[in-house]
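If you read the sequences in order, they're chains R and X.
Residue 363, in the numbering used here, is where the first sequence stops; the numbers in between run on with no holes.
Residue 363, in the numbering used here, is where the second sequence stops; the numbers in between run on with no holes.
It is possible that some hints are incorrect.
For identical chains, the list gives no copy identity; a pair is met inside one copy or between any two copies.
[What the hints assert, rightly or not] EDC-like cross-link-like pairs, simulated, lysine to aspartate or glutamate; straight-line CA separation at most 16 Å:
1. LYS149 x GLU183
2. LYS149 x GLU305
3. LYS149 x ASP311
4. LYS149 x GLU268
5. LYS164 x GLU206
Since the hints were derived computationally from the structure, they do not count as laboratory data.
Number of protein chains: 2
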Amino acid sequence: MTASGYDALKAEIARVYGTPAVVIDLDKVDANIARLQAACDAAGVANRPHIKTHKSPELARLQVEAGARGITCQKLGEAEVMADGGIDDILISYNILGEQKLGRLGALQRRVRMIVAADNPVTIAGLPQAAEIAGRDLEVVVECDTGRKRAGVETPGEAVELAKQIAGSKGLRFAGFLMYPPEDGWERTQIFLDTANAGLRDAGLEAGIVSTGGSPNIPNMGKLKGATEHRSGTSIFNDRMQVAAGVASLDDCALTVYATVVSRAGAERGILDSGSKTLTSDKGNLDGHGYILEYPAARIAQFAEEHGFLDLSASNDRPVVGEVVRVVPNHVCVVVNMVDRLVTVRGDKLIGELPVAARGMLG
Amino acid sequence: MTASGYDALKAEIARVYGTPAVVIDLDKVDANIARLQAACDAAGVANRPHIKTHKSPELARLQVEAGARGITCQKLGEAEVMADGGIDDILISYNILGEQKLGRLGALQRRVRMIVAADNPVTIAGLPQAAEIAGRDLEVVVECDTGRKRAGVETPGEAVELAKQIAGSKGLRFAGFLMYPPEDGWERTQIFLDTANAGLRDAGLEAGIVSTGGSPNIPNMGKLKGATEHRSGTSIFNDRMQVAAGVASLDDCALTVYATVVSRAGAERGILDSGSKTLTSDKGNLDGHGYILEYPAARIAQFAEEHGFLDLSASNDRPVVGEVVRVVPNHVCVVVNMVDRLVTVRGDKLIGELPVAARGMLG
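Turn these sequences into a full structure, and let the hints steer you where they fit.
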């Protein structure tokens with residue numbers, strides 16, 4: 001793409017939508033979807049992309065059409081939107097608790113295949129309520145922690161105990177294990193899985209699903225013997241954190257924020273109209289809050305809610321007031337969550353918009 | 001309020017809305033609105049609250065009914081929603097640039113009194129387009145930087161030059177100065193203002209409006225001789241940053257996030273169902289990502305998008321899986337921006353919901 005091509009597109013987006021605008025290049029999205037599917041195929045695991053990144057049934061359908069077995073959601077509200085959008089095989093990688101949510105889960109399970117995660121007896125004790133509403137068995141995977149210290153039981157013994165609780169619960173079916181291995185934790189994860197599987201055998205059970213996760217783990221797919229599925233969210237768009245992790249190039253980043261330089265009150269500084277309410281304060285361990293494609297040496301040093309503070313001291317080229325630039329965000333999943341609509345383009349051509357249907361909800 | 005009162009309310013909110021739910025106590029909102037108005041009255045400055053915090057025309061109307069002269073917005077989209085909601089005196093404390101926005105600004109100015117800020121000649125050069133569409137003069141204040149290094153001209157001389165440019169532009173009226181003094185920068189701000197005013201007199205101009213800003217600056221109102229208005233956003237809800245700044249107590253915090261403990265995989269740790277997509281990564285300079293009213297010694301140490309990592313090592317009392325807690329966020333303005341609806345309560349009584357009407361928009 002020539003710079004002048006983007007100049008015309010930037011002017012058009014500013015004219016039609018104004019800035020800040022959150023823009024995805026569907027050509028890059030298509031390529032990213034295909035690349036993930038090919039990587040899963042090559043590793044011999046099913047693809048179950050995590051839709052928390054895009055929250056769009058349209059994009060989920062593209063993922064399924066490309067070969068994904070189903071999708072992953074982090075929230076029940078996301079799963080409801082995806083089921084309404086025609087997705088019929090949904091894993092919620094989260095403990096679902098409370099009567100209200102169990103009722104909604106049951107209603108969903110009546111319509112589509114639902115799999116949910118659990119890492120404790122309280123969650124499992126509630127899930128039969130959902131199965132009863134659904135009128136059929138609910139598949140439950142046990143979430144295992146192999147080093148991230150997030151959710152998930154810490155030992156194979158606990159995992160087997162929960163598997164037995166699931167298998168012994170009316171309306172529930174033990175479906176397997178869910179893991180989110182640290183990028184350097186695959187050996188430990190293998191030992192965990194092998195030990196847990198041995199425990200399952202003693203109990204007459206089997207893990208039909210062994211689900212791993214994470215876009216930075218795409219190069220690690222295939223390392224865990226026994227893995228059956230992988231959950232990757234960010235790779236559909238990619239971002240500065242994925243580039244830093246070495247799993248994507250800047251050119252693979254499908255989402256950019258189109259922002260306007262609104263102030264240049266000092267020679268070495270300026271203000272973008274994109275602050276923490278657009279790019280978010282999710283910084284990762286990176287320097288600055290985004291990468292400006294037109295001014296790679298400019299640094300988004302700090303945020304107010306609608307102000308991105310530009311440090312231009314290291315940049316020989318400096319933008320003028322009114323100029324529109326494209327910013328690759330540090331963490332794309334939270335940026336999508338800030339807006340009701342994404343603007344869609346293909347290369348330098350404006351296509352239209354795409355609702356971020358599964359955002360903004362309570363519960 | 002007794003703990004048992006909140007137990008019933010927490011159960012009701014979980015049953016009706018699910019968690020995480022972003023909840024405001026309208027009794028506290030009323031008290032906070034009244035307190036800000038009284039402080040402005042006592043300082044002899046008009047109250048022009050910043051609606052970026054709540055993004056709700058209903059709450060803006062309450063502020064105007066309590067005595068506010070008008071409101072402040074940071075985005076044109078916010079101003080449009082507020083005008084639709086019946087607010088007729090709106091300052092946008094931001095450089096408005098580009099044909100699309102100038103057209104929208106002109107359309108707004110046709111309906112209600114609009115004042116906009118500018119800190120550079122490019123912005124001012126565009127504004128007559130809006131005035132022409134409006135068919136009447138547009139008031140413009142010059143944004144001045146007295147130490148925050150955000151937007152705003154850095155010297156009184158530049159401020160006067162821009163005032164002259166405005167006064168000499170067809171359809172524009174120089175309305176005064178907009179400032180956002182650092183909390184410790186009032187002396188410097190006074191010198192800036194006095195010098196700029198002297199320059200204005202030489203040019204035959206006068207600053208009808210001298211607008212100051214910031215909720216942490218509420219105790220400083222009245223310090224700047226010549227100030228006419230103050231813009232305060234956060235004080236309608238307050239948050240942990242306001243408490244840390246010494247301008248509010250925890251009891252003044254009207255907004256809490258109702259969150260469920262979904263995992264307790266280790267003795268000293270747990271997971272809340274509120275992560276960076278609910279409480280946001282805006283941390284301020286505080287320890288941890290929020291204050292849990294029921295477990296003050298628990299620390300929200302880290303976030304994933306839908307996980308709040310609880311460090312319970314310093315807490316003798318520890319929550320169980322399924323328990324609902326109330327979290328005072330670090331920065332309330334960005335939390336409101338994450339959801340389409342706020343749940344409203346009065347004390348321990350559930351009232352209903354309030355749309356966050358001015359959020360999620362592009363541009």
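Practice problem: Would you list, in rising numerical order, the hints stated earlier that this structure does not obey? | Solution: none
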